[in-house]
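Listed here are the chains, written in short residue letters.
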Amino acid sequence: MNSLSAVSSGPVYTTMTTAVDPSPGTVLLAVRHASKSYNGVPALTDASLELRAGEVHALMGENGAGKSTLIKLLAGVLAPDRIEVEIQGRPATLHSPQAAYGHGLRFIHQELNIVPQLSVAENVFLGQRYPAWFGTLVRWRTLNRRARDVLAMLGVHHIDPSERMARLSPGDQMLVSIARAFAGDDSDNGSRALVYVMDEPTAALTGHEVDLLFEVINGLKARGSAVLYVSHRMEEIFRISDRITVMRDGRVVGTRHAADTHPGELIRLMTGRTLQQVYPPRQTPVGERMRLTVRNLRSHAVRADAFDLREGEIVGVAGLNGSGRTELLRALVGADRRLSGEILLDGRRVSLTPAMAWRNGVAFVPEERRSQGLVLSRSVADNITLPGLAWLSRGGMLIDRGLERRTSRSLGDTVQLKMIGPDQTVRELSGGNQQKAVFARALTRTTRVLLLLDEPTRGVDVGAKVDLYRLIRELSGQGAAILMVSSDLPELIGMTDRILIMRQGVLVDEVPTAGLTEESLLSLCYGETAHERSTDGGR
Amino acid sequence: MSVPQTVGVRPARKRRAFSVARWLRTFGTLIGFLIIVAIFWQQRPTTFMTVTNWLNITQQVSILGVVAFTMTVVMVVGDFDLSVGTMASLVGIIAGTLFQNEQPVAVAVVAGLLAGALGGLINGFLVSYVGISAFVTTLGTMTIFGGLALYISGGTTIFGRVIPEAFGNFGREGLVLGSITIPNLTLLALAVLVLTWFILEQTVFGRRLYAIGGNREASRLAGVRVRFLRLLAFVVSGLGAAAAGLMLASRLASANPKQGDGLMLNAIAAVFLGMTMSEEGEPHVLGTLVGVLILGVLANGLTQLNIDSYIQQILTGGIIILAVTLSSLSRRGQ
Numbered sequence: 001m002n003s004l005s006a007v008s009s010g011p012v013y014t015t016m017t018t019a020v021d022p023s024p025g026t027v028l029l030a031v032r033h034a035s036k037s038y039n040g041v042p043a044l045t046d047a048s049l050e051l052r053a054g055e056v057h058a059l060m061g062e063n064g065a066g067k068s069t070l071i072k073l074l075a076g077v078l079a080p081d082r083i084e085v086e087i088q089g090r091p092a093t094l095h096s097p098q099a100a101y102g103h104g105l106r107f108i109h110q111e112l113n114i115v116p117q118l119s120v121a122e123n124v125f126l127g128q129r130y131p132a133w134f135g136t137l138v139r140w141r142t143l144n145r146r147a148r149d150v151l152a153m154l155g156v157h158h159i160d161p162s163e164r165m166a167r168l169s170p171g172d173q174m175l176v177s178i179a180r181a182f183a184g185d186d187s188d189n190g191s192r193a194l195v196y197v198m199d200e201p202t203a204a205l206t207g208h209e210v211d212l213l214f215e216v217i218n219g220l221k222a223r224g225s226a227v228l229y230v231s232h233r234m235e236e237i238f239r240i241s242d243r244i245t246v247m248r249d250g251r252v253v254g255t256r257h258a259a260d261t262h263p264g265e266l267i268r269l270m271t272g273r274t275l276q277q278v279y280p281p282r283q284t285p286v287g288e289r290m291r292l293t294v295r296n297l298r299s300h301a302v303r304a305d306a307f308d309l310r311e312g313e314i315v316g317v318a319g320l321n322g323s324g325r326t327e328l329l330r331a332l333v334g335a336d337r338r339l340s341g342e343i344l345l346d347g348r349r350v351s352l353t354p355a356m357a358w359r360n361g362v363a364f365v366p367e368e369r370r371s372q373g374l375v376l377s378r379s380v381a382d383n384i385t386l387p388g389l390a391w392l393s394r395g396g397m398l399i400d401r402g403l404e405r406r407t408s409r410s411l412g413d414t415v416q417l418k419m420i421g422p423d424q425t426v427r428e429l430s431g432g433n434q435q436k437a438v439f440a441r442a443l444t445r446t447t448r449v450l451l452l453l454d455e456p457t458r459g460v461d462v463g464a465k466v467d468l469y470r471l472i473r474e475l476s477g478q479g480a481a482i483l484m485v486s487s488d489l490p491e492l493i494g495m496t497d498r499i500l501i502m503r504q505g506v507l508v509d510e511v512p513t514a515g516l517t518e519e520s521l522l523s524l525c526y527g528e529t530a531h532e533r534s535t536d537g538g539r
Numbered sequence: 001m002s003v004p005q006t007v008g009v010r011p012a013r014k015r016r017a018f019s020v021a022r023w024l025r026t027f028g029t030l031i032g033f034l035i036i037v038a039i040f041w042q043q044r045p046t047t048f049m050t051v052t053n054w055l056n057i058t059q060q061v062s063i064l065g066v067v068a069f070t071m072t073v074v075m076v077v078g079d080f081d082l083s084v085g086t087m088a089s090l091v092g093i094i095a096g097t098l099f100q101n102e103q104p105v106a107v108a109v110v111a112g113l114l115a116g117a118l119g120g121l122i123n124g125f126l127v128s129y130v131g132i133s134a135f136v137t138t139l140g141t142m143t144i145f146g147g148l149a150l151y152i153s154g155g156t157t158i159f160g161r162v163i164p165e166a167f168g169n170f171g172r173e174g175l176v177l178g179s180i181t182i183p184n185l186t187l188l189a190l191a192v193l194v195l196t197w198f199i200l201e202q203t204v205f206g207r208r209l210y211a212i213g214g215n216r217e218a219s220r221l222a223g224v225r226v227r228f229l230r231l232l233a234f235v236v237s238g239l240g241a242a243a244a245g246l247m248l249a250s251r252l253a254s255a256n257p258k259q260g261d262g263l264m265l266n267a268i269a270a271v272f273l274g275m276t277m278s279e280e281g282e283p284h285v286l287g288t289l290v291g292v293l294i295l296g297v298l299a300n301g302l303t304q305l306n307i308d309s310y311i312q313q314i315l316t317g318g319i320i321i322l323a324v325t326l327s328s329l330s331r332r333g334q
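Protein chains in written order, with my numbering: chain A, 1 to 539; chain B, 1 to 334.
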């Protein structure tokens, strides 16, 4: 993948390099004193930021720290209360998306604005005039060739422009949407992309796709553009960025050179906490009693010959995307049909369906809180009590609203759920609070045997994560066994006692967490030995 | 990240403050209903706004009400039941045929309700366990029930002396309270209304039905036995259709193989009208009641204004679309 040479020698769009000041370090975009409040609640207070030519500038902060608001002001979709913008040293106003575009700002959103039914080439040139005979008959081959050129400039050669968008992987779709931000430069003269703003571009990408994206970003850097890169992922930020700006509570709390800082400092800036406080240490030793024993578990998607969980133990499930981590939990809880499997809870043989699971003290926190966890149209109380209605009612038959409210209020307090009250609709809660509501549900019964957690902290900001970690620890301290799927490796290493390794739908290994590093855990997921991987350059 | 975010506590409490759109969304349909009433009152000051006429309206809508209230249960789960109209016809025919064979009223009523429950069971099984869409399933059973009604009756109306007097009188008589008489059918519809409201709003069963309607997969993973409850919802609507068929046969003192067919569309329309009155667009039985009353008042008032019944049909359809449109427009602003 020799992308950089393709970019620098690209013969088709030679004019593109002229508008961008090639000397690195020039300030392309300066924002000062940006402020914005909603209904008197400040979302952004006096934020300032400078983007220089040829730099990747990471923007970090918890949900609600003001990153999105700042980006929306740049994109011209929100009216600021106050802002000063300079572009290449000249004052500018960004009062509309068109103005932002005209000043050379390009936005690549996490939710892709693509049309899945159309081809790659059509998506690249969406909204522009396609080349056509007599202005009507589209010249498909020309269109495809131009799309291929644009992709090639980004160093992307493996995507067929005539392929339907829907058939592409999420990563490739992301690359195409970047190509679109790029393609605009050819047609409208004068407007040249200076700054690319990428809002969590890797959220849906696999490791290899992230590598590709980063090569493209490095290409943009080499062309003298600036990239504002928003992400929660520490490891990526240190890989790609030159400078890092951290926001908290609507303010910029600091800008650091990536080379001069470390994750601990950034977490402290984001949260006011130190790294050691993120993963609370185990307070009580793992018990002797076996809470869960699984033998010969099979579903259409997974195979797990044997594993056990002890009282108070936290066991992680690691694996690449698609390795069957989620499916392991689903087969266990009976959400997917089991072909075979012996499941013992506290030594008692059970045949679990989701309903049976809850009745037996097994709580399941699914991966996607919005589609699988919550009934968004209902109240917080309704959602928290849903699995527990059998005992949070009069005789299992009649609704007891007083009891529901008290229960959900006290469970809400336990998980530090911020809500107006138990009657508030779940849809109105922020993502982190929605996740806490799903969690609170798992606590409705006092006797808890087993918790199955699938990506329990995905999309949750650091502050809420810390709350959830503390809660998981507390539950394990009370004797519950916890099986936790996560693609967040530091989280697995920080929280678990043992880790089950899944590869291609099979439970292949089981390792004690002590002594694991992110890298050694990742090699286990890939199925390589540590030695092979280190010779591979750690990729 | 595309949603506007604010720091700290989200300003949800602020949004709770008075908002015209929110208010209109919840009360618009009710206001529309009151406007319709006011217009008829103004047009027919002596006959429309009288106790007798209103009791008359409640009797006229009682049968539709029973179908619509129980249809609400199915729609809460996110399904719907097209077969209720022909089921009502079929149950009328079953009762009539039993009367022809000199069976007592109790036997006819029980047999009719059992037929309704069985029909609901078949619908529910096909939708919930076999996995056929509610539209296709109930379209099919609608046709089957209609065909059965025609086949059993031979296409003729059962009427006259074969219908027991007690059965025929029930639908015309009522509870006498001094100078007014509350029709039996009104009382029956009221009972079904209270029962359905109680089931949907006050029982664990109803809560779970709403959860299924809101998010089927999340409910299943939260331990709700989704398939069984969906099946039960269809049994409820089958029972409601059967009750309506019996009420209709009693009121007309006859059984025609087509007499209940028209109930289905009006019942669904009533539920939709009711849904416009809820914040989240969920069906709820008190909303359905308003929907039923709107349809009933329109029919009654337009008849009093001597408006052609064909025109009535056109107006009714227009009003349904208007109400749902206004509601969805005010929702779009969110």
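Careful, some of the hints might be misleading.
[To be verified] Across the chosen pairs, the derived CB separations fall in these ranges:
no., chain 1, residue 1, chain 2, residue 2, range
1, B, Leu187, A, Leu403, 26 to 36 Å
2, A, Ser37, B, Tyr310, 30 to 40 Å
3, B, Trp23, A, Ser37, 23 to 33 Å
[What the hints assert, rightly or not] Facing chain A, from chain B, some residues (calculated, C-beta under 10 Å):
no., residue
4, Tyr210
5, Ala218
6, Gly281
Think of the hints as simulated: they come from the structure by calculation, not from any bench. The beta carbon of each residue, even a glycine, is placed where N, CA and C say it ideally should be.
Going through the hints against the structure:
1. B:Leu187 x A:Leu403: 26 to 36 Å: Between Leu187 of chain B and Leu403 of chain A, where Cβ atoms are some 34 Å apart, the hint holds.
2. A:Ser37 x B:Tyr310: 30 to 40 Å: Given range 30 to 40 Å: violated, Cβ gap about 58 Å.
3. B:Trp23 x A:Ser37: 23 to 33 Å: holds, 26 Å
4. Tyr210: Cβ of Tyr210 of chain B sits 7 Å from chain A, so the hint holds.
5. Ala218: holds, 5 Å
6. Gly281: holds, 8 Å
In summary, the one numbered hint that this structure violates is 2.
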